[in-house]
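Novice: Taken in sequence, the protein lines are chains F and V.
Numbers 1 to 430, taken from this note's numbering, label the letters of the first sequence in order.
Numbers 1001 to 1331, taken from this note's numbering, label the letters of the second sequence in order.
These are computed hints drawn from the structure, not numbers from a lab.
A few of these clues could be false.
Cut-off 20 Å, straight-line C-alpha distance, at most; resulting in silico cross-link-like pairs (DMTMM-like, lysine to aspartate or glutamate) [stated by the list, open to error]:
| hint | chain 1 | residue 1 | chain 2 | residue 2 |
| --- | --- | --- | --- | --- |
| 1 | F | K190 | V | E1244 |
| 2 | V | K1026 | V | E1060 |
| 3 | F | K413 | F | E391 |
| 4 | F | K190 | F | E167 |
| 5 | V | K1269 | V | E1244 |
| 6 | F | K321 | V | D1088 |
| 7 | V | K1269 | V | E1225 |
| 8 | V | K1087 | F | E320 |
| 9 | V | K1266 | V | D1211 |
| 10 | V | K1087 | F | D322 |
| 11 | V | K1266 | V | E1244 |
| 12 | V | K1034 | V | E1050 |
| 13 | V | K1266 | V | D1229 |
| 14 | F | K321 | F | E399 |
| 15 | F | K321 | V | E1084 |
Beyond 10 Å from chain F on every Cβ pair, some chain V residues (computed) [said to hold, decoys possible]:
| hint | residue |
| --- | --- |
| 16 | R1008 |
| 17 | A1024 |
| 18 | K1026 |
| 19 | S1085 |
| 20 | E1112 |
| 21 | D1127 |
| 22 | E1131 |
| 23 | D1167 |
| 24 | R1183 |
| 25 | R1214 |
| 26 | R1224 |
| 27 | N1281 |
| 28 | I1297 |
Coverage of chain F stretches by chain V, computed from C-beta distances (three or more under 8 Å per stretch; other residues unrestricted) [as the list claims (entries may be wrong)]:
| hint | stretch |
| --- | --- |
| 29 | 33-47 |
| 30 | 197-207 |
| 31 | 316-323 |
Positions of the beta carbon are idealized from the N, C-alpha and C atoms, including for glycine.
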Amino acid sequence: MTHERTPDRLILAGGRIVDPSQSLDRVGDLVMENGRITQILPPGTGGAGVVRNVEGKLVTPGLIDLHVHLREPGFEYKEDIESGTRAAAAGGFTAVCCMPNTNPPIDTASTVRYILERAQEVGAARVYPVAAVTRGMGASQLSEMADLKAAGAVAVSDDAFPIQNAETMRRAMEYCAQLGLVLMTHNEEKSLTEGGAMNEGYTATILGLRGMPRVAEDIAAARNIFLAALTGCRLHLLHMSTAGTVRLLQRAKCEGMPVTGETAPHYWCLTDAACEGFNTNAKMNPPLRTDADVAAIIHALADGTIDAIATDHAPHAAHEKDQEFDRAPFGVIGLETAFALTYTHLVQRGILSLSSAIEKLSTGPARILGLPGGTLAPGAPADVAVFDLQEEWTVAPDEFRSKSANSPFLGQKLIGRAVFTVLGGRIVEV
Amino acid sequence: MRHLLSLRTTDTADIRRILETAVAFKEILERPVKKTPTLRGRSVVTLFYEPSTRTRTSFELAAKIMSAEAVNITVAQSSVTKGESFKDTLLTLQSLTADCLVLRHPSSGAAELASRYVRVPVINAGDGCHEHPTQALLDILTIWEHKVVGREDDTYPRALSGEHAFDLTGLTVAIVGDVAHSRVARSNVWGLTRLGATVRWVGPSTLIPADANRLPISVYNDLREGLRDADVVMALRLQTERMEQGLLPSLREYARYWCVTADALKCAKPNALVMHPGPMNRGVEISSEVADGGGGIRAVMGSQVTNGVAVRMACLYLLMGSGIAQSEVRE
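In isolation and in its complexed conformation, chain V is listed as follows (with noise of 0.2 Å):
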């Protein structure tokens, strides 16, 4: 693994050796001292052309916690417009040799444009409507802790490492609202699926992507169907610009037939996951009951957060930091 760019294009064997890695690390971010020397001397730019708060702090949490340095860069997009290419901040950032450039980008592809400029690894923490790998990949975790890891049944695999680590085989994880423009969704299709797991996206046809049948997954427009017997019930961000653009009526009838309410989670199994990669419109696409996890519903967003860090110092160790990613690199 030379980057991480999408985990459409990721082997599932890398998959799960960063989730491994990033169990190893979450012990770390237990200790009441949270700094490791891993990464010391090394340099981590983040890049962002998008407003971000939580995946940038993360990302510069991550490298600071393995006592990298980090250094953000926020673009504003007034400037992109204004002249310089893309390309062109690129080469500036390699000249100011940067260990590993973590990138945010409106532009689908972004992140894969930016490795054949650049010399160190990139990863991509959100480009357009494409894909936000890490995101992924703190979900991913996220499920495997709480539904295999505390699962009962002791015949089950809890594997870390091998063939059969992080198998989430038999969890039905249903992703819903806005998928046709959700880089969380496309990410966590090719992530759950090639651990095993069955994914469903629902969601008003509007914001269903053409040929989504093509995926492996299964589509759903009814809320309650698709929410029968999940076992993580995923809610994504509804941009309130989906009105103007003539994909929905009103937020008034999409949280009507689409917010995941307490009421609709009664489909979904017992003990099924809440979880929303944030921020959250309360009473859109998701309710405030829900989102709080009142009345016995697992609503896990702060095990996400938490696990985002994880991932994300284990994406940085991988990449820029081990030997056995260097001996390992594959173009």
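One chain only, chain F, in its complex shape (with noise of 0.2 Å):
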């Protein structure tokens, strides 16, 4: 990150602004003085300032990924905020939500607190720290949700640890309803899952893997959403990967209840063939599915039933996926792909309009949590993306700014690239 001072005045002139909060798209002189968007003026008149040339580039909102583990504090080994934030951004992102699972998992004001400064004094992204909804992610006492939300957590989850007795969760939800907090669902029936290690079916049966099917998905969502239309709770689900599940989210939606879903760039570019030769690295939880369920995920995000694409940016070190699949974590790294599988693997092929991805990737996630960003309407955080999207590059395991590179992407080539991304009015170079 850089540590200048925030200039007055930044323009970024010149290049091709697609905001999908405006439905706009135009060249032109994005201007953001003392950290926020002011105006976008036709190109060559942005004025005096801090100038950046991006002819040819794409100008966007930064992008927000709701779902990313940054690792620290704990695991610091994995990730860190520094990290983990410098690979946010290498990827277009401005902002990301962090996930509970650290140690001591976030569950405390104090730790929330932590998060907040460590990211204040080194983070390259903002951060938005999401809570544990039960003391330690044990799913029995509920963790202290207000306090929790007045130190600064954005939304509560779960999220590794899905809360698998539905008393629990009703009240979980009665105590988010109350206070307007969105809680985020990680949506895994267990008893269906023990002992498994990748979608069940032919791969896990050929490779004589432990299977965890498809329906132990849709069982919990179901339950999920009817305990939100019992509770009147806001209920985000996590990492969608099953048509059924898209399924359950297009009828709660037609039913009208506050339910958002979310899906992973490589629950739409792979399937669970993946794991063939014990590929570890394509082992993440959900796991990767079928060719019918990357349909049902695709045409999901093209008719809107799927709110966002976040990452579930998870880093495990080398040593612990290059173990017997059956003993490596669950987990796949996706902070700086994610963009460039969007628009390779969406617009390129004409699923996605452009704006549309990049609603998918800033305003949708935005909108979801009530997060300031998603815009570069005058007034907003001066938060925002460039993007050149001429290059092609080579996804390798060396370039990542994470500290980890567990990736499935690993010699994929990809279109699209982050070439900078503003922070509150101030360049953050890649």
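Combine both chains into one complex, guided by the hints.
Specialist: Spelled out as structure tokens, the structure:
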């Protein structure tokens, strides 16, 4: 990150400005003053200040990732707030929500404050803590959610440790509802996935690996939607991977329920066949699914059922992934590839317009949690991403800003890459 | 062929070459002095993370007959959980300058993982529920000997080399029991079907893995339907923990509906071959009468064990001994 002073007036000159929040797509000068966006002017009329020429580049609201594991405190050998936010900036993200499965977990106000302070000191992107629903993510006693919210938690989730007991989930939702907190759920009926290492199906069968059936996600998502209907809780479905969960979200939305959902690039780019050769970089939870699920996810992104693209950036050290498949931890990194995977696989193939792709990566996530950003409207924080849509690049393990390289896309050729971001009116070089 | 990790990823030509070599080595096993200098000065490490008597002994014997040194390392599960990673164990062994690693491990894919760390050939002696290629190769050799070589029809191809070597076209093999957890069943599917045999998986639906119908096999829940007109019936060991896992109601019910008995065998072809990878649970997956080959039943478990030594000699020889293998190294 740069430690320079924020310029009083910063102009990104001559770029193609795409802002889905204003249905805007035109070439112009984006003007920022004192950390806020002030106006978009015709090219060449931005006036004086620090001028950065971005002709031929794409200028968008800074991307916002609802689902990131920054690993600090506790697992700094995998990632920390500095490296994780640098990875975010390299991917065009200006804000990330960090999940609470740290050590200690984010279940006290002091840990929330610690993360916010660290992010202030070393962050190359804004960090919004997501606090635990239950103490220690132990799925029994509720965490002090009012306190956590007051300290700055933007949502709550037990992500990797989904609450299995329906009564506990019901009470958690009731408690969240009164606080207006969004509850984010990883949807997994654990009794169906015990010992599982990948999606249940042909590949698991030929590899002799224990499978995790798709219905485990569907059943948990259905239960959580029913409980949200009962309690009035704002529910957000994390990393949707199945056609079944897509249908459930669609139905909940048709019924007018305030339920939202996200998916991650690996769920539309890959199927469980990527686990062939016992590739632990293709091991995550929920696992990679089938062609039918990929088709449903893509369709749901196109028709708007899925509100956001998140990464579930989950760094793990090489020695942890270099293990027997069933012993290796779940998770893949994603911050530095998400935009290019969206652009290459969805925009270039005509599934999403450029504007709706940006929407899923910025405006959509901001709306889900009511975060500032996700827009280039005057008065908004000057959080901006600049991309080069001409750049073709190959995903290489030694180029990540993340401390870890556990990506299932190593060696893939992608198109589109962040050039730099602007965070609060200050340029963050990647 | 650089390693032997799974039959699914082994060329059919290589499968034939191993079998052809095994047939040649079998002759040595019939000699009074069972010793050749073939692999003198070479060493084989057998690294077993699971208890095994017959497979480990079979590999050791195969190595010793060819004058190689065989060192066995049995890793107790407790010491694995104590700390040393699989990778570090392998790197230590690598430094001990063995010439070949034979690995048995409870995790599927362990042999493939090992092949990425060590520079010497790796032979998979069973990894989790994935594959057990040498077991399938010895099964295939046994089937070929009893069903093809011994056949009276002279027009049937019995070539030992070339495109039609070890051709099993026309034979139906029924694999009965806990196929979901069986690495033997998986390796046999790939090996047998590559050589032209028809394979069936027979067992209760809770012991048939997901999407089994996408493999080149047919699935039967009913034992007698599954055995109908089969040339070979292969029973698999049933682990008693399947009851605790809620996959089966009881041993009693399993035995009643899926035990390979003399009566059930009447559905198969007369002269059908009965096989079992061992160790057997008599009265559970196979009746004692069938296991002992009484009443004209052709139980060939003894041949399987003998052929196991020949097949393992062939694998060791081709992977570490022969100039052919070295010149045809494929990554």
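Novice: Does each hint hold? Answer for all of them.
Specialist: Results of checking the hints against the structure:
A C-alpha spacing of about 18 Å is found between K190 of chain F and E1244 of chain V, which places the hinted pair at or below 20 Å, so the restraint holds. Pair hint K1026 of chain V plus E1060 of chain V holds up; C-alpha atoms about 16 Å apart against a cutoff of 20 Å. Taken as a hint, the K413 of chain F and E391 of chain F pair is honoured in the structure, with Cα atoms around 10 Å apart against an allowance of 20 Å. At most 20 Å may separate the alpha-carbon atoms for a hinted pair to count; K190 of chain F and E167 of chain F meet this at roughly 16 Å.
Restraint check for K1269 of chain V and E1244 of chain V: not satisfied, since their Cα atoms lie roughly 35 Å apart, outside the 20 Å limit. As the CA atoms of K321 of chain F and D1088 of chain V are separated by approximately 14 Å, the hinted pair is consistent with the 20 Å bound. Of the pairs offered as hints, the one joining K1269 of chain V and E1225 of chain V holds, with about 12 Å between alpha carbons and a cut-off of 20 Å not exceeded. A threshold of 20 Å between alpha carbons decides the hint, and for K1087 of chain V with E320 of chain F the separation of about 11 Å falls inside it, so the pair holds.
Restraint check: the Cα-Cα separation between K1266 of chain V and D1211 of chain V comes to about 30 Å, which exceeds 20 Å; the hinted pair is violated. This hinted pair checks out: K1087 of chain V and D322 of chain F have alpha carbons roughly 8 Å apart, not beyond 20 Å. The straight-line distance between the Cα atoms of K1266 of chain V and E1244 of chain V is roughly 32 Å, outside the 20 Å bound, and the hint therefore fails. A hinted pair counts as satisfied when its Cα atoms are at most 20 Å apart, and K1034 of chain V with E1050 of chain V does not qualify at roughly 29 Å.
The straight-line distance between the Cα atoms of K1266 of chain V and D1229 of chain V is roughly 9 Å, inside the 20 Å bound, and the hint therefore holds. Taken as a hint, the K321 of chain F and E399 of chain F pair is honoured in the structure, with Cα atoms around 18 Å apart against an allowance of 20 Å. Annotation: proposed proximity of K321 of chain F to E1084 of chain V holds, straight-line Cα distance about 15 Å (limit 20 Å). For R1008 of chain V, the condition that its CB be more than 10 Å from all CB atoms of chain F is violated, with the nearest at approximately 6 Å.
In this structure A1024 of chain V is separated from chain F by more than 10 Å, as the shortest Cβ-Cβ distance comes to about 31 Å. For K1026 of chain V, the condition that its CB be more than 10 Å from all CB atoms of chain F holds, with the nearest at approximately 30 Å. With a minimum CB-CB distance of about 7 Å to chain F, S1085 of chain V fails to clear the 10 Å threshold, and the non-interface call is violated. For E1112 of chain V, the shortest C-beta to C-beta distance to chain F comes to about 5 Å, within the 10 Å cut-off, and the non-interface label is violated.
With a cut of 10 Å on Cβ distances, D1127 of chain V falls inside the contact zone with chain F, its closest approach being about 7 Å. Against the 10 Å criterion, E1131 of chain V falls within the reach of chain F, whose nearest CB is about 7 Å from its own CB. Consistency note on D1167 of chain V: stated as away from chain F, and its beta-carbon is indeed over 10 Å from all of that chain's, at 24 Å minimum. Against the 10 Å criterion, R1183 of chain V falls within the reach of chain F, whose nearest CB is about 6 Å from its own CB.
The claim that R1214 of chain V lies off the interface is violated: its Cβ sits roughly 5 Å from the closest Cβ of chain F, which falls inside the 10 Å cut-off. Against the 10 Å criterion, R1224 of chain V stays outside the reach of chain F, whose nearest CB is about 25 Å from its own CB. Chain F leaves N1281 of chain V outside its interface by the beta-carbon criterion, the shortest separation being 21 Å against a cut-off of 10 Å. Every beta carbon of chain F lies more than 10 Å from that of I1297 of chain V, the smallest distance being close to 31 Å; the non-interface claim holds.
Counting residues of the stretch 33-47 of chain F whose C-beta sits closer than 8 Å to any C-beta of chain V gives 0, which falls short of three, so the coverage hint is violated. Closer than 8 Å: that is the beta-carbon criterion, and the stretch 197-207 of chain F has 7 residues meeting it against chain V, so the requirement of 3 holds. Requiring three or more residues with a Cβ within less than 8 Å of a Cβ of chain V, the coverage given for the stretch 316-323 of chain F holds, as 3 such residues are present.
Checked against the numbered hints given earlier, this structure breaks hints 5, 9, 11, 12, 16, 19, 20, 21, 22, 24, 25, 29; the rest are met.
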